[in-house]
Amino acid sequence: MSAPAISETRRRVPIVILIAALIVTAMVICAILGEKIAPDSPFLQRLGVGDTPPSPVHVAGTDLLGRDVLSRVIYGARTALVGPVVVAAGAFAIATLLGLLSGYLGGLVDSAIMRWVDFMFALPGPLVAIVVVGVVGGGYWTAVLVLAVLFSAPDTRIVRSAVLEQRPLPYIDAARTLGISRTRILFVHILPNIAPIILAYVVLDFAFALVNLAGLSFLGLGVEPGTPDWGRMLFENRSILFSNPVALLLPAVMIILTAVSMNLIGDWLYERFAK
Amino acid sequence: MAIGVTRRGILVAGMTHAAFVSIVGTFTMAPSAKADEQIESITWALPSIPDTLFIPHAWMTYTGAIMSLVQEGPLAFGNDLGLEAALADRWEVVNPTTIKYHLRGGVKFGDGSPLTADDVVATFRYHMSPDSGSQLASFYNSVATVEASAPDEVTVNLKAPNVQFAFTPAHMAGFVFKKEQLADKRIGTPEVLPLGTGAYKLVEFVPADHVLLEARDDYWGPKPVVKRITLKAIPDRTARLLAMQQGAIDGTFDLAISDVDQWEALEKVDVVDEPSLGVYLLTLDHSAPPFDDIHVRRAVAYSVDRKGLVEALLNGKGEAATALNPPEIWSGVLPSDEVRAFYATLSPNYAFDLKMAKAELAQSRYPDGFDVTIEASTADPYMVNIMQSVTENLKQIGIRARVQETDNNTWFTNYINHDKLGMRIMAYYPDFADPANYPSLFFSSANAQKGGMNGSNFKNPEVDAQLTKANENPNPGARADALKEVFKIANNEVAVVPILWPASAMAINKKYKLSGYTAFWYNIPWAMRGFGLR
Amino acid sequence: MLGAAPSTGSTAITDRPGGGSSLVVFVMRRLAVTIPLLLMISFGVFALVHIAPGDPASSLLGARASDPATLAVVRARYHLDDPFLVQYGKWLSQVIRGDLGVSIQGNRAVTSTIADRLGVTIILSLMSTTLVLGIGILLGAVAAFRCGTRLDRAIVIFGVFGISSPAFVTGIFLLYVFGVLLHWFPVFGPGEGILDRAWHLTLPAFALATSVMAIVIKITRAAMIEELARDYVTFARARGLSSRRIFFAYVLRNSLIPVVTAAGLIVVGIVAGAIYVEVTFSLPGLGALTIDAIQKRDIPTIQGTTLLFSAFVVLVNLAVDVIYTLVDPRIRFGRVES
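Chains as they are written, first to last, in numbering that gives the first Met the number 0: chain A, 0 to 274; chain B, 0 to 533; chain C, 0 to 337.
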């Protein structure tokens, strides 16, 4: 699928992407430094203060237990980012392996892997995640695992078709005549050539995993109560919508900003390198 | 009604509760509807609708709010929480261990069949039977036999005198079922809706979703004002508020006090709050590690910021609990200022102090802490927040505590089944206003088993002995002394960790009024107690 | 589900018939793929009882007090003492006969609980599908025609925002602004009667549509840009045909084919989104029932709704593939390249 909106700027990095990259960098800094840059401990309760609207001391106000919302949002970048990173990386580890095998070996291996991919493709992914996490329990990390497995199916298909594109190219033939082993061809020669497209999809997977994990937390199936997490904050702070709407809006904005940035970057990478 | 004397008789003879002797009102105190005051239908929201309407298996306030309109006990609570006549038009304490209930004539169940003494006997015996799994069995612990001594008379023989049993026929434990229905395993499901003698009958029940009630023409008492009542589950607090704002519901019980200012801001809505006489507490399983260690229990007790929770969650409408019983529930035996004075003498007082908590944990067998998971009901307005606060404090002293959110039914069933108790949070609202109610449920060794409320498995012979005194001796002074002993021991041993005594609040559309709203909304036919057009 | 991925494609492409095979053979082949798929899904759903922590009998009975007699009844009812595969066979034959078991909440047939809740979800899904297709195709077309302009960029960014905002976030936002602040829409309950219900479901349908619409915008826009660049459009223009005629007679029709192939993604998006939207707006639909059942560990109900949702997704995919072959003759003759 083409998206020529940004194709005219093939050589330069568009300003939108720069902004998106800046936002993502900011989130990553929040996730790494967390409590160090938060103005206050995200866990410290001030029961006597309770839920208050934004003030000079608490820029984003406080929640029902008097915890500083801004600090919780900053600290929440950690759960918001770590899960999706693991999902995207995990999905692509599986997908790269299966896709390379399937695309390069072909035959029985290929059709077995593609049957599996078709099956996963036919499932309503988010529903499967909700049901499995809900029934098995285990919260956040179960969700991460389930999403990684679910995402690996479409990713496998992408890696496979990229491999299929590479296989007939002359350099592969050359390598084969030189007597280089299959594994070496796969991982040393083909993989680097399809790395850019993989990167584009990893970024897109990340965005989608972020939205899905936040959704599970919103349904009470993700992180446990008390964890500073954007999805969880949306769910919990609904009851203080009137006294401190910022407690609800800020995590919502963070989810959307991060997901939009990653989606834009992913689309751009795809346009830039994968075509 | 002529039974006023009889009622007064039992109160004076059986239990001299200052608060109760003053009752004069009878059922007629609920003003009966004038012809022009008929209301076609109302929709009332509850935070949760039970899975089954069979009280012995779903003993919760939300079941009570529905079934108290459908079923009645031989006795009932008046607006001042005292006992008054209901299905029994009079009752008589023959001797301290024998009570006779004389049933009113002409009372019919919702299907038109007459109420007989056999139905009452079958109901009482159902709760008493160990096989029935009734969650209210403990209210019948003191009963030796129950017989139909005449077609319209039920005689109860107690094993020993028991002050509390007098209330049993009035609250959910006494709601009378039709004998034939009790034999049906499906009772409580939409297929077999429980019949009752109350002013309303069940027309439709979609478990966990809604219930439709219809006023009965053949009710023995005053004519119901509202013809149809729909009770709907709206678990989400914000959704309930929005529903009220939009006029989709006419009222609701059990508001979160922390939300009350938002409710009060709604134009067409009145908010009423009352002391609930309820209590929030933690139970700690004394029979298994790690809570068999007194130092661990004390560490937990010191880790609860009661005062802070009252401010954060109750906006000051409620009190930090220093003991299981809220002071007002002692009113029959001890004025509340004396109760407060007594509570102040309890030592240690477990005021929030993480240093003390750490010190206690260091002395225990688990100086490095341990893991514990506590279930909290999402239908309850405070539990999850209370537990978030408590677990955060526990983490600071090294106890790795986490909160597990569950629905109301799961939370309660897991508690009452006494399966892997560990640490649990309980919210309890009184069955009747007597100071022995809570201690008997939570501290007596008889209830430290499946089906009992003693979720701490707290067993202490001295406490049992004092409870027997408090239950058998009608003298208020003697009861007060016995209960004080119980509370001293319970406090020292950390039988439970009391947290809050919350107020209880309801909201109602300004079109209507509900003058008879009390803390007992789940035990009385609330729509029959002064509900009407404003 | 992977709406974010630029490349789309349903199973139709991989399962397309070999050169020149007839439509009947194609449909048969698709069915041959669908049936094992449904069996695998049913097996997964069946296995939920066994992967749930704890004893299967207790899982099926819920947390309620369970005496040995009741447990024995449940073991017999679900054939729990049989070997695993035999249990599955017996369970499946019950399911095929329309018996999804008895829910833990209220001891009721799962089918009747589902029947109670189905109406809201169907209307909500239909409304949002209409919005998704109507507005999505319109915006996609506008973006393609104004390709490279600010309007195009705005629409593309809107699409990215849609896919990046979870349905519950959009839902809370719409609820707060249009329901609570402006009072334009009702904010509670599903309404009674068709019109009232549609009125009540407007905000939820919009919340649901926004997150799914992005897929349609993206695909329509890309397909249409491609079509507009084709020679036949240039010829038609050169021959003096009106833009309107060109658009409706040729471009739109040809651009819709890729949208049809994305039907699988749209259906999955709607189904998953409906769960979140129903929870956000407290609507008594199947999605809310699923979440409620999960919170109550009501395994039979979870099995029922999951089976229904998944079967629905699979069958819609099948239907779309068949329709797709009917619409596009190139597929029928197997000449299309994926």
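Think of the hints as simulated: they come from the structure by calculation, not from any bench.
Where a beta carbon is used, it is the ideal one built from N, C-alpha and C, also for glycine.
One should not assume that every hint holds.
The following label-pair restraints were derived from C-beta to C-beta distances [claimed, not checked]:
1) A:Leu177 / C:Ala228: 36 to 46 Å
2) C:Ala114 / A:Pro38: 29 to 39 Å
3) C:Arg145 / B:Gln403: 45 to 55 Å
4) A:Val27 / C:Ile322: 42 to 52 Å
5) C:Asp54 / A:Ser40: 38 to 48 Å
6) A:Gly105 / C:Leu91: 31 to 41 Å
7) B:Pro221 / C:Ile50: 26 to 36 Å
8) A:Leu21 / C:Leu84: 24 to 34 Å
9) C:Arg149 / A:Val27: 46 to 56 Å
10) B:Asp217 / C:Ile50: 31 to 41 Å
11) C:Ala114 / B:Glu266: 32 to 42 Å
Results of checking the hints against the structure:
no.	hint	verdict
1	A:Leu177 / C:Ala228: 36 to 46 Å	holds, 42 Å
2	C:Ala114 / A:Pro38: 29 to 39 Å	violated, 53 Å
3	C:Arg145 / B:Gln403: 45 to 55 Å	holds, 53 Å
4	A:Val27 / C:Ile322: 42 to 52 Å	holds, 45 Å
5	C:Asp54 / A:Ser40: 38 to 48 Å	holds, 42 Å
6	A:Gly105 / C:Leu91: 31 to 41 Å	holds, 35 Å
7	B:Pro221 / C:Ile50: 26 to 36 Å	violated, 56 Å
8	A:Leu21 / C:Leu84: 24 to 34 Å	violated, 56 Å
9	C:Arg149 / A:Val27: 46 to 56 Å	violated, 31 Å
10	B:Asp217 / C:Ile50: 31 to 41 Å	violated, 53 Å
11	C:Ala114 / B:Glu266: 32 to 42 Å	holds, 38 Å
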